[in-house]
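The sequence shown begins at 43 in this note's numbering and counts up one residue at a time.
It cannot be assumed that every hint is accurate.
What the hints assert, rightly or not - Below, a list of computed lysine-lysine pairs in the DSS-like style, where the Cα atoms sit at most 25 Å apart: (1) Lys471 / Lys458; (2) Lys580 / Lys469; (3) Lys390 / Lys449; (4) Lys469 / Lys578; (5) Lys503 / Lys572; (6) Lys249 / Lys449; (7) Lys453 / Lys503; (8) Lys471 / Lys461; (9) Lys455 / Lys258; (10) Lys558 / Lys356; (11) Lys394 / Lys302; (12) Lys348 / Lys461; (13) Lys455 / Lys390; (14) Lys390 / Lys458; (15) Lys578 / Lys558; (16) Lys503 / Lys558; (17) Lys469 / Lys394; (18) Lys471 / Lys571; (19) Lys578 / Lys471; (20) Lys535 / Lys449; (21) Lys458 / Lys394; (22) Lys535 / Lys503; (23) Lys580 / Lys471; (24) Lys302 / Lys390; (25) Lys453 / Lys535; (26) Lys558 / Lys348; (27) Lys535 / Lys458.
Claimed, not checked - Listed next, with one range per pair, are the computed distances between beta-carbon atoms: (28) Glu551 / Lys225: 48 to 58 Å; (29) Asn336 / Thr232: 18 to 28 Å; (30) Glu375 / Ser428: 21 to 31 Å; (31) Ile544 / Lys225: 53 to 63 Å; (32) Phe219 / Val456: 45 to 55 Å.
FYI, nobody ran anything at the bench for these hints, they're computed from the structure. By construction, the Cβ of each residue, glycine as well, lies at the ideal position given by its N, Cα and C atoms.
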Amino acid sequence: MNKTKKKVVKKTTAKKTKKKKSVATKNRQTKSVPIKHLPKKEYASLTNNEKSIVKKMLTETPPKRQMNLRQCVSSLYKVAKACQPRTVTGTISIFLFGVFFGIGALLGSVYINKNGILLQLLTDTEILHGDGITIQVEEEIDPIFVKLHTNEVVPSDFQDIDFDDFWQVWRYIENSFVPPPKKVTDGIATKSENMLNRDALTTGAIKGLTLATEDKYTNFFLPKDANDFENEVLNGEIDGIGAYLTINEDDMLEVVKPIKNSPASQAGLRAGDLIITIDGMNSSEYNLSEAADNIRGLRGTTVILKIYRPILEKEIEVSIVRNRVEIPTVETEIRDGVFVISLSTFTKITPKAFREALQEFVAVANSGGPDRIVLDVRGNMGGILSASVYIAGLFLPENSPVLYEYKGSEKLKVYKTIKPIFRNNIKPKMTILVDGATASAGEILAAALRYYGIADIVGTKTLGKGSVQAIRPVGSNGALLKITVAHWLTPAKESIEGVGVIPDINYLEDLEALYKADPEVDIDEIALKKAIEHIKQK
Numbered sequence: 043m044n045k046t047k048k049k050v051v052k053k054t055t056a057k058k059t060k061k062k063k064s065v066a067t068k069n070r071q072t073k074s075v076p077i078k079h080l081p082k083k084e085y086a087s088l089t090n091n092e093k094s095i096v097k098k099m100l101t102e103t104p105p106k107r108q109m110n111l112r113q114c115v116s117s118l119y120k121v122a123k124a125c126q127p128r129t130v131t132g133t134i135s136i137f138l139f140g141v142f143f144g145i146g147a148l149l150g151s152v153y154i155n156k157n158g159i160l161l162q163l164l165t166d167t168e169i170l171h172g173d174g175i176t177i178q179v180e181e182e183i184d185p186i187f188v189k190l191h192t193n194e195v196v197p198s199d200f201q202d203i204d205f206d207d208f209w210q211v212w213r214y215i216e217n218s219f220v221p222p223p224k225k226v227t228d229g230i231a232t233k234s235e236n237m238l239n240r241d242a243l244t245t246g247a248i249k250g251l252t253l254a255t256e257d258k259y260t261n262f263f264l265p266k267d268a269n270d271f272e273n274e275v276l277n278g279e280i281d282g283i284g285a286y287l288t289i290n291e292d293d294m295l296e297v298v299k300p301i302k303n304s305p306a307s308q309a310g311l312r313a314g315d316l317i318i319t320i321d322g323m324n325s326s327e328y329n330l331s332e333a334a335d336n337i338r339g340l341r342g343t344t345v346i347l348k349i350y351r352p353i354l355e356k357e358i359e360v361s362i363v364r365n366r367v368e369i370p371t372v373e374t375e376i377r378d379g380v381f382v383i384s385l386s387t388f389t390k391i392t393p394k395a396f397r398e399a400l401q402e403f404v405a406v407a408n409s410g411g412p413d414r415i416v417l418d419v420r421g422n423m424g425g426i427l428s429a430s431v432y433i434a435g436l437f438l439p440e441n442s443p444v445l446y447e448y449k450g451s452e453k454l455k456v457y458k459t460i461k462p463i464f465r466n467n468i469k470p471k472m473t474i475l476v477d478g479a480t481a482s483a484g485e486i487l488a489a490a491l492r493y494y495g496i497a498d499i500v501g502t503k504t505l506g507k508g509s510v511q512a513i514r515p516v517g518s519n520g521a522l523l524k525i526t527v528a529h530w531l532t533p534a535k536e537s538i539e540g541v542g543v544i545p546d547i548n549y550l551e552d553l554e555a556l557y558k559a560d561p562e563v564d565i566d567e568i569a570l571k572k573a574i575e576h577i578k579q580k
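Model the full assembly from the supplied sequences, consistent with the hints where possible.
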């Protein structure tokens, strides 16, 4: 029966060019290709010519449909009329619905044919991660990601890669690898429960790809780790000890900055501490994400860290009870006649919160209060790139370049400001306070405001992170890839990667001397007081 249908359709298509069709052909068409989605009563009310047109619309596949625009519109109107609405308005309404539905279907078909597959990127992910990365969801999808989401076994542009060695090693491991026994009693070994499986091998292979980039900010997250990552990214809060970490130049796990009022700060953890062991395990065995994952944990549980404090040249064991840590965004206070704005991260709500802080400052200044600002970005490890551009734009002239982005080509992408918040180009005197934990988007803001003469910088040299990361969904189980996709340059087109932003006035030696003399001294408070004294002298 199916074969007969195919032959009839083919024969019918071949005879389209003839002006008249035989009765036999018409009968064969009607009998072999039934009309669907049209009530028999309404269909019977159509003329033979109308039936023929409607039948073509409902039965022929798109490649065989050769109706022109006039025929299509005419047919849609006749279908609307065949539905027997009570008024002319009803007929027109049905006709217009058919037109819009047809246009939508056509555009959808074109989009699917063009892209091969409909992809949905993760949204709401342009936020700070605890190891201090800038996450930027890109506007465009690399074509390779489209290919990898299809059912193509090996993408066409991977055909020249020889995977024979890879599969050979995989087979060797599966067939020959033996983990150590769990225990041995009277010459009888108990098999280890931690046996390798294919999921573990696949994960290891993917992580090997990220390690091959030799970039500490490019990492792969399994679904569980990805869920923790997203909770931190989307909600601005984590369960853990509340400390920013990095891998320093000596490949040591270093505390960049404890978060204010976090379990880490309350336990006495300080910036510059080197983490030697995590619950007895050598930290050098982990990459940055793995170390952060082992330090994080359920609130109420305890993690024991052995640290080395270089400034005191001694090891200390610290026991920290994990808890829920909220990452603050914008805080304001008046200190010694100066308006202090603490900006600790760049999230989605930061632009609005910072604008409100500036409005508060203007109200205070207009009523006779402080008219100078200390912008405290110590410990600000970055966040949304566009948020830092927006905040810089509140002070800078319209269309001022805030940063340049390098994505592997000679042409640089420029990020410019929109409109300043201050009228008549009247801006407050301002100083930016930075430290070794000021990174990425925090460095962008500081460098831009100094470049345009809006503020000078005091404190200590910043971290020096000049790269931008994006996150990509992997597979359908919730895994994520965090990958470096760009590097940014200052408005002077200079890279700060590994160099940092050098302050105009450096307090580092003074602070270190004070801490050596008294390890209990609050260095953060002293640095803030120094910044306040500096801005009052301007």
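Proposed proximity, Lys469 with Lys580 (alpha carbon, max 25 Å) = It holds: about 14 Å lies between the C-alpha atoms, which stays within 25 Å.
ask   = So does Phe219 sit 45 to 55 Å from Val456, Cβ to Cβ?
value = Given about 52 Å between the Cβ atoms, the range holds.
ask   = Has the given pair, Lys535 with Lys458, been kept, meaning a C-alpha gap of at most 25 Å?
value = holds, 14 Å
request  = Verify the proposed pairing of Lys503 with Lys558, using a straight-line Cα cut of 25 Å.
outcome  = Between Lys503 and Lys558 the Cα gap is close to 19 Å, so the pair holds against 25 Å.
message = Check the hint pairing Lys471 with Lys571 against an upper bound of 25 Å on the C-alpha distance.
response = holds, 17 Å
ask   = Is the hinted pair Lys453 and Lys503 satisfied, with a Cα-Cα distance of at most 25 Å?
value = violated, 29 Å
inquiry  = Within 53 to 63 Å: is that where the Cβ-Cβ distance between Ile544 and Lys225 falls?
reply    = holds, 57 Å
ask   = Under the criterion that the straight-line Cα-Cα distance not exceed 25 Å, is the pair Lys535, Lys503 satisfied?
value = Holds, because 19 Å separates the two Cα atoms, which is no more than 25 Å.
query = Has the given pair, Lys348 with Lys461, been kept, meaning a C-alpha gap of at most 25 Å?
reply = violated, 49 Å
request  = Using the Cβ atoms, figure out if Asn336 sits within 18 to 28 Å of Thr232.
outcome  = holds, 26 Å
request  = Take the C-alpha atoms of Lys503 and Lys572, compute the straight-line distance between them, and say whether it is at most 25 Å.
outcome  = Holds, because 16 Å separates the two Cα atoms, which is no more than 25 Å.
ask   = Are Lys394 and Lys302 close enough, with their CA atoms no more than 25 Å apart?
value = holds, 22 Å
Violated hints, in rising order: 7, 12, 15; the structure is consistent with all others.
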